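S.K.: The primary structure of each chain is shown beneath.
Protein chains: 2
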Amino acid sequence: MWVGQPVEKLPTPVFTVDIDIVKRNARKMREQVQALGTHLRPHMKTPKTLECGDLMTGGTRRQIVVSTLAEARVFADGGFDDILYAYPLPFDKVEECATLSERLEAFQVMVDNPEALEQLRKRKLAGGKRWLVWLKLDCENGRAGVRHTDPEALELAKAIAQLEEVELVGIYAHCGNTYNCRGVQEIQAIAQETTTAVLQFMDKLQTVGVQCPKSSIGSTPSCSHPVPDMGKLSEVHPGNYIFYDAQQMLIGSCKMEDIAVRVLTRVIGHYPHRNQLLVDCGWTGLSLHSFGQMPSGYAIVEGHPDLKMVGMTQEHGRIEPISGQLDFSKFPIGSLLSLVPYHSCASAAMHPIYYVHKEGKIVATWTPVRGW
Amino acid sequence: MWVGQPVEKLPTPVFTVDIDIVKRNARKMREQVQALGTHLRPHMKTPKTLECGDLMTGGTRRQIVVSTLAEARVFADGGFDDILYAYPLPFDKVEECATLSERLEAFQVMVDNPEALEQLRKRKLAGGKRWLVWLKLDCENGRAGVRHTDPEALELAKAIAQLEEVELVGIYAHCGNTYNCRGVQEIQAIAQETTTAVLQFMDKLQTVGVQCPKSSIGSTPSCSHPVPDMGKLSEVHPGNYIFYDAQQMLIGSCKMEDIAVRVLTRVIGHYPHRNQLLVDCGWTGLSLHSFGQMPSGYAIVEGHPDLKMVGMTQEHGRIEPISGQLDFSKFPIGSLLSLVPYHSCASAAMHPIYYVHKEGKIVATWTPVRGW
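Protein chains in written order, with the UniProt record's numbering: chain A, 1 to 372; chain B, 1 to 372.
Hints were generated in silico from the structure; no laboratory data involved. All of these numbers come straight from a predicted model, not from anything done at the bench. Any given hint could be a false lead.
When chains are identical, the list treats them as one kind, so a pair holds in a single copy or across two.
[Unchecked claim] Below 20 Å or equal to it, Euclidean Cα-Cα: the simulated EDC-like pairs (lysine to aspartate or glutamate) are:
| hint | residue 1 | residue 2 |
| --- | --- | --- |
| 1 | K23 | E115 |
| 2 | K9 | E95 |
| 3 | K9 | E96 |
| 4 | K129 | E359 |
So that you can see chain A by itself, here it is in the shape it has in the complex (with noise of 0.2 Å):
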């Protein structure tokens, strides 16, 4: 009912979606890591949708990463094959690991752990399939994996090649360690670590005769700005750059023209006693995330550089001025306010459905995945 309507008529608090941009967005990474002598395996958590999955794969269908079980699901019924769900393995989701393993052709897994490495061997696969599996390591990120130093490591993925049930597909590690970074040098020099040690680890391997044809490691910081060595590994695997933020710009992976992903939202009240306007917005519009990362405050208010979010309750936002006194009258009750979010996944898992805009003219609306 939509599609054809200016944005500026949809009812507020809304997410929208840039369709030039996203479309740029997923055809540079494309080319980028081309250039680079790579692959693609684009990660789904961000956008969550069919339409963007299709985009960011160039039309594929194939090589993605998810983050749950849910998106795996609806890709796979959306035709989309070789989805790796890079997450340590959770023992309550083997038995459906299982199902999409026998149904699709490359539903692969991945593993941190022995024990995780146990619970593939006692779940055989029908068919005579065997399980594909990346081991995660940790290349000074801090979060999953097995630390690429740890010789705990190298026995683990030598467990994973000796078994009969499981195949070692690849090597993953994920460099969200970049999020700390401020600007293209910094992320660099992250990246260019995180290659180093995942491409040590694959000679380790080859030294003790350990077949892993693959290696991935990605963040979209260091895919947005990678290094030549990037190149010696099979893929990489971003995902927040199909919508990128204000985050991102702040870390250096992209500019403000690149952040294709609003949400709009109305002035419903003038607060001159107290310098604030307060608008339609609160965190189940835009998510808690950023607090005291931005001038702006929560987000950017969109032409506003002197506006602030300061705060957010369930379903109210408030902005005032960074400083001085604010000018009512620029901002009558109803009128429209964009916001950039600070972080563009935890904005869009706030909404069940995104408007997706073609110069300002809604062209399709998206339904997101959620859940688990």
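With chain A's structure known, arrange chain B on it following the hints.
M.R.: Just chain B now, kept in the frame of chain A:
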């Protein structure tokens, strides 16, 4: 498919609701408000389900508050009426508010500025109906509302009362400032201040001959520990009490045994070198609320007062001891942990479905309203 199963079998992360506690919270609040000599208009913003609406209204399906039109729509479709949309009238939603006003016996809107009143005047209701309007008063809370001390408050009340197209139904104040309280004494001080401010305003209305039958204040802290004067109001409107949460416990609204909801999560990794567990609940499962508010971090790990949830990313949570070395053997990979949310409204909002149990056995699934 889950009914009859123990909650321990559910795939995680998952949002669970203890039906006995919910029923007890609902009954206790109804009885308490009745004993006070006033009426309960429960707020649906926390549970957002018809089932909770039923329990909170004692089966009448009358006299509720909603925070979004999506809630209004769903509750109206579910047979609810006497619905107060307690939100500063959003100008993009006047037409849908009109439709609901025409369709229901008593759909009520809220205004805190003359421009909103003008919007109502311009949209006449069919069938000779009049808009049912509450005036939002800000009694030192500092979010929406005309300040109770501001002469404009009385002017706006008069303007509402004088306009033919609308009817001034009530005065509404939200004492959200109780959320800064610690302990019953502080809560009751705010409850008293807000009540006094509203009652004094009602007196002023009477003095100037403005008819206004209703008055309402609310917040879960104040309604959990009401002051006798609240009995002089025509109604109160708490919401969170149906679930409660760790925040309400810290404020002093409830005890641990009153908290009806949990986010269940499983251990997905052991990282002894950094003394941390990973669990399968990130901010998509819990929300990012509570930063720095609790010694136990982002949630309370039930039964483990020595643990702290120190951080989350999209699908990962990090748990470590508050001090000392973690005994990993107590938390095998795959084992279940139960998180008491800091802010149940926020955690509930992340879940497409709630799993309702009685003594740990699933008795129902509830689907909350999402969107706007």
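S.K.: Confirm or reject each hint.
M.R.: Going through the hints against the structure:
1. K23 to E115: Answer is neither; intra-copy 41 Å and inter-copy 41 Å both fail.
2. K9 to E95: Between copies only: 13 Å across, 46 Å inside.
3. K9 to E96: Intra 42 Å, inter 14 Å, cutoff 20 Å: inter-copy only.
4. K129 to E359: neither (48 Å within a copy, 41 Å between copies)
Checked against the numbered hints given earlier, the structure breaks hints 1 and 4 and satisfies all the rest.
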